[in-house]
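Residue numbers (the numbering used here), protein chains in the order written: chain A, 1 to 409; chain B, 1 to 409.
Careful: at least some of the hints might be erroneous.
Identical copies carry no separate label here, and so any pair may be met within one copy or between two of them.
In silico EDC-like links for lysine to aspartate or glutamate, alpha-carbon gap of 20 angstroms or less [stated by the list, open to error]:
1) K139 to E99
2) K249 to D331
3) K194 to E170
4) K380 to E326
5) K177 to E59
6) K117 to D97
7) K166 to E326
8) K139 to D97
9) K27 to E390
10) K384 to E174
11) K356 to D97
12) K139 to E98
13) K194 to E216
14) K16 to E398
15) K396 to D331
16) K380 to E390
17) K27 to E173
18) K27 to E125
19) K117 to E80
Treat the hints as calculated values from the structure; they're not laboratory data.
There are 2 protein chains.
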Amino acid sequence: MRRSQFYIPTRRDVAKQESVNAYLLTKAGYISQIAAGAYALLPLAVRSLQKIEQIIREEMNAIGGSEVVFTALQPQETWEKSGRWNDPNFRQIVYRDEEAGMTFGATHEEPMAIVVKEKVQSYRELPVVLYQFQTKFRKELRAKSGLLRGREFRMKDLYSFHATEKDHQEFYEECAKAYTRVFDRLGLTSYRVKASGGVFSKEFSDEFQVICPTGEDEVMLDHATRTGFNKEVEDSMTAEQKKTLERVKAVEVGNIFHLGTKYPDAFDFKYLAADGSRNSIWMGSYGIGITRLLGVMAELHNDEFGLKFTGSMAPFEVVLIDLTHEHTVGDELYQTLTNGGLEVLYDDRDEPAGSKLVEADLIGVPVRVVFSQKTAQEGKVEVKDRLTGEVELVAKEELLAVLRSKLSR
Amino acid sequence: MRRSQFYIPTRRDVAKQESVNAYLLTKAGYISQIAAGAYALLPLAVRSLQKIEQIIREEMNAIGGSEVVFTALQPQETWEKSGRWNDPNFRQIVYRDEEAGMTFGATHEEPMAIVVKEKVQSYRELPVVLYQFQTKFRKELRAKSGLLRGREFRMKDLYSFHATEKDHQEFYEECAKAYTRVFDRLGLTSYRVKASGGVFSKEFSDEFQVICPTGEDEVMLDHATRTGFNKEVEDSMTAEQKKTLERVKAVEVGNIFHLGTKYPDAFDFKYLAADGSRNSIWMGSYGIGITRLLGVMAELHNDEFGLKFTGSMAPFEVVLIDLTHEHTVGDELYQTLTNGGLEVLYDDRDEPAGSKLVEADLIGVPVRVVFSQKTAQEGKVEVKDRLTGEVELVAKEELLAVLRSKLSR
């Protein structure tokens, strides 16, 4: 992408605020606040989120998921059937147009059960695994942590339907493994943490937590096994665990729930077994906060110059800064790197060198390539690793190979 | 994609309904109705829409657009400033949570002007061109035409900001050309039609209309120049035009508006010109209905067996049907075609031949490849063109080349 054609509204006039991620992402031109807890996603954020979503898409497809997009709008009748329309737990968090009799669904158990019921009748058609990337709405009273807790946010939610509790249990464990792979690929160390089912389920749920000093949750962690307990279920720990586990602040980036047969039963969705009996269907739901992940990355990966993102989720892998005025070398290198499959932001603008370098650090692209009249004459370019700060001079012909190795591509 | 791992809930129990597209797309497992005018998008629809969006993304990037995603939530205050909160034209179509003081924006002029104002101060920073793919909400009273008019739908909306009226006019024309390219790539013949500015503008607007017998609009068309007039502005036509233009039913798939300086002015968003003067900013908005496009394709491209989609927007380009039980040839061909860059749905299920063939026709994949024990022994496969109905036997080794040429790839 040519910088001259790409909108990056970095800002100098941002006041320090309660939320580190909102401050940094606003300054770096990723987001702009529309209302408390509601942020416009600007071009850099859109690219990052598309990369995060693609990683999740690959892992959800790998466990047999099919991608759908359900409507945010959900009619009053279906929420009355499942008992959620008048449930005060949901009433206080779900936007609704009373006149139209519509909720803006923060969660999709009802329509998923209804739609799958239209097709599935026999055990031969199970399991069904559907997931979506969707914009969710929640009336948050306290929305002060930037992308960590919003009134409007992107989520991946997946719903699975199974013939038996055992089938569901097996899929649940597969999904847990897929979640760990997602967070690993994003460079985040996640912990599988035992928690309450909250408003969704009377059973325990599993949360995926990432250590973060500004997180809302308190968790007790075992680093060796990458598991732990949410403080809210401390009664579940042994005396030994209470002594040895480390208590830290964390952010929940994913969660998975056993829903039992509640929602399918509410819509009389049952299946015909091989022996002819008509049985209840087991359901689970599985979420990952997409915009929240971007917030967590900003909270964790930054320094006094700005953001420090990893290649797997940075909007670009390489920023290429041309300090000459001819753009001959720049155009040539941009072509070479782009043809080589790298995601390159090519700063082709006639701006002062200082402001180009400052911007590259601020927006957090992992590798910076700079060349001036002088280095160009020597056939070299300067390569700086944003994460380690290391700088080296590299021959032009070797640049692609050096970058590929740096980015593990 | 292996069919055994991909959810295609085709249905036999769908009653004929007012809307052709809703009937066909429901039967073919693309969509499922959640409420009047609100449809869940199932896996086939998601793939088609992603392809449609990618074509639009490429054309919007080519005219200098940067992709963003603004929030659907928009606070009451900003709509009060622009005068739309109490405007009955908008009041009746926009969902709102009165208690929370929030609208669910069907359109984004206000937040776009506000966000761009945060950064842009000088003529050197103009133009700014931002676009988004977004879910929009509209309280439609009559929502009976399936994906042609929904209460929740996907749209591409683009907003441009310019220093002068002339700059805006030039961009407007560029965008009009890009729109024609988008519809051409989707295999739709579009007409640029003069229309009223509706609730957005007192000036004329341009609509992009596609001839469709079930369309809501009546337009007068000149086929040679692919232009015309919406019936609502008939007064604009000459007597000659009234005589020679053809009057037909059509669907509006895109529209572009001159907004003048209204919205930037409402938020005191001005720029500093080279001569030091502080001037008003010219704004335009430009929409394409994404889900509506899928609806139009279904209305126009079908026969008694189901949908007939073109490769550019069909969920898959090729459906590969294995009628043997070993899957050796199937696995091999699937690998070859996928490695060759084609989008293949590989029906690897042990289902009756009839139901596999019927499904392939119903879902509208443009090319069907079938092989049985018999053709496999002869080293051949059967290739059927869904659009023309032509069938030919092709040697296995030539399959990739034959398909590429059929799909113009």
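Structure versus earlier hints - violations, ascending order:
The structure breaks hints 2, 6, 7, 9, 10, 11, 14 and 17; every other hint is satisfied.
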